[in-house]
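Use the sequences and the hints to build the structure in full.
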Amino acid sequence: DDSEALLAQLSGTESLQGNFIQQQYHSDSSVAIKSTGRFKLLRPGYFSWEIESPDSQLIIATPEYLWQHDRDLETVTRRPMGGSQAMSPLQVLGGDAAALSEQYQVTAQGQGRFLLTPQAEQSAFKSLVVSFAQQQLIGMEIVDNLGQRVVVDFSRLDRSPLSAADFDFSPPPGADLFYYDE
Amino acid sequence: CASSPTATDSAQSSWGQRSLRLAQLQNWQAEGKLALRNAGQAESANLLWRQRGKHSELQLSGPLGMAATRITSDGKTLDIQRGNEHQQMDISSPHAIQLNTGWDLPLAALPYWLRGIPQPGAAPGELQIEQELLRSLQQDGWQVEFQGYATFGTYTLPTRLQVKRGATSARLVIRHWLTGDEL
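Those protein sequence lines, which keep their order, are chains A and B. For what it's worth, our numbering labels the leading residue of the first sequence as 1, then goes sequentially. For what it's worth, our numbering labels the leading residue of the second sequence as 1, then goes sequentially.
Hints are supplied without guarantee of correctness; some may be wrong.
Once the Cα atoms are required to be at most 30 Å apart in a straight line, the calculated BS3-like pairs of lysine-lysine come out as [claimed, not checked]:
(1) B/K76 with B/K164
(2) A/K34 with B/K33
(3) B/K33 with B/K76
(4) B/K164 with A/K126
(5) B/K54 with B/K33
(6) A/K40 with B/K76
Okay, the calculated bits of chain A under chain B, using three or more residues with CB under 8 Å as the criterion [stated by the list, open to error]:
(7) 14-26
(8) 62-74
(9) 103-115
(10) 119-127
Derived by calculation from the structure, the hints in this document are not laboratory data. The structure displayed is predicted, hence computed values, not measured ones. Ideal Cβ positions, reconstructed from N, Cα and C, are used throughout, including at glycine.
And the structure:
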């Protein structure tokens with residue numbers, strides 16, 4: 001399949017950060033639910049996805065843990081990264097080559113677009129299209145498990161180097177913590 | 001002036017009127033977020049809850065549409081749809097939901113609590129009402145705290161709830177309500 005070509009595009013950027021706008025289309029309505037925020041990627045294995053509006057939520061992945069901090073609900077969950085839990089679209093971008101080609105069927109669709117279809121029966125989404133322009137990641141389109149479209153557009157991209165310290169996370173006092181064990 | 005209604009009387013009657021009007025609200029939609037927690041699991045998701053009479057439809061999804069799930073129920077059966085996986089269960093017996101999903105969830109009572117009123121029929125424990133708004137409630141072993149309200153159209157509805165029983169707790173934040181006339 002075309003995972004080599006996709007990996008070639010992805011390997012151009014080890015560090016990447018910027019803004020995102022996400023539009024989620026419920027299956028029976030053309031009205032999109034919009035959310036915006038910032039993201040960071042440090043390949044392989046690190047990503048941060050911070051939703052700033054309308055709700056407030058931070059998801060951080062390191063090679064060891066996946067943290068999810070919902071500021072509105074005041075909850076923090078930590079999951080071991082090595083676990084079997086399905087790869088999220090972000091782990092695809094931040095993930096290493098082996099995980100990418102093993103877990104997805106990748107087909108190039110032309111003009112810098114790649115369609116990724118999960119191989120596993122049980123997966124967190126139906127399909128993902130990742131799009132690039134001049135070797136630069138510009139967007140993603142996810143079809144979720146209910147056939148609903150989630151369109152993500154990236155902007156203000158910055159490739160200045162990031163380090164593991166940019167992905168440090170410590171739970172705030174007072175949050176309801178839940179750590180899944182190893 | 002003993003005959004003049006005391007503050008609690010007037011609160012009681014307008015709470016009475018308010019809660020009756022909320023109970024009569026058959027069609028509504030609540031959009032927000034839900035966090036569930038029990039001894040072995042903790043999950044949170046975006047939530048779209050649509051109610052038509054006794055028919056509930058819940059759409060849950062994580063960030064980026066992850067693990068999107070649709071739950072529908074008419075109060076007797078419950079359908080869970082996730083990708084091509086489809087599960088149907090009879091929920092008429094009290095612990096059916098817990099047996100099938102591992103979650104102890106008051107699905108029959110939630111459509112009432114979400115609107116800020118007790119579930120009719122089940123004898124409510126102490127209701128704590130302040131300024132005509134239900135602040136806390138005990139029912140069927142559940143402790144329900146109403147931590148925020150806002151006005152949407154002609155209704156004042158909860159925007160933040162916490163529901164607890166034993167090791168199970170649920171937190172709901174509701175950003176947007178649509179009610180009968182707007183639907």
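Cross-check of the supplied hints:
no.	hint	in the structure
1	B/K76 with B/K164	holds (23 Å)
2	A/K34 with B/K33	holds (15 Å)
3	B/K33 with B/K76	holds (25 Å)
4	B/K164 with A/K126	violated (34 Å)
5	B/K54 with B/K33	holds (22 Å)
6	A/K40 with B/K76	violated (46 Å)
7	14-26	holds (count 3)
8	62-74	holds (count 5)
9	103-115	violated (count 0)
10	119-127	holds (count 5)
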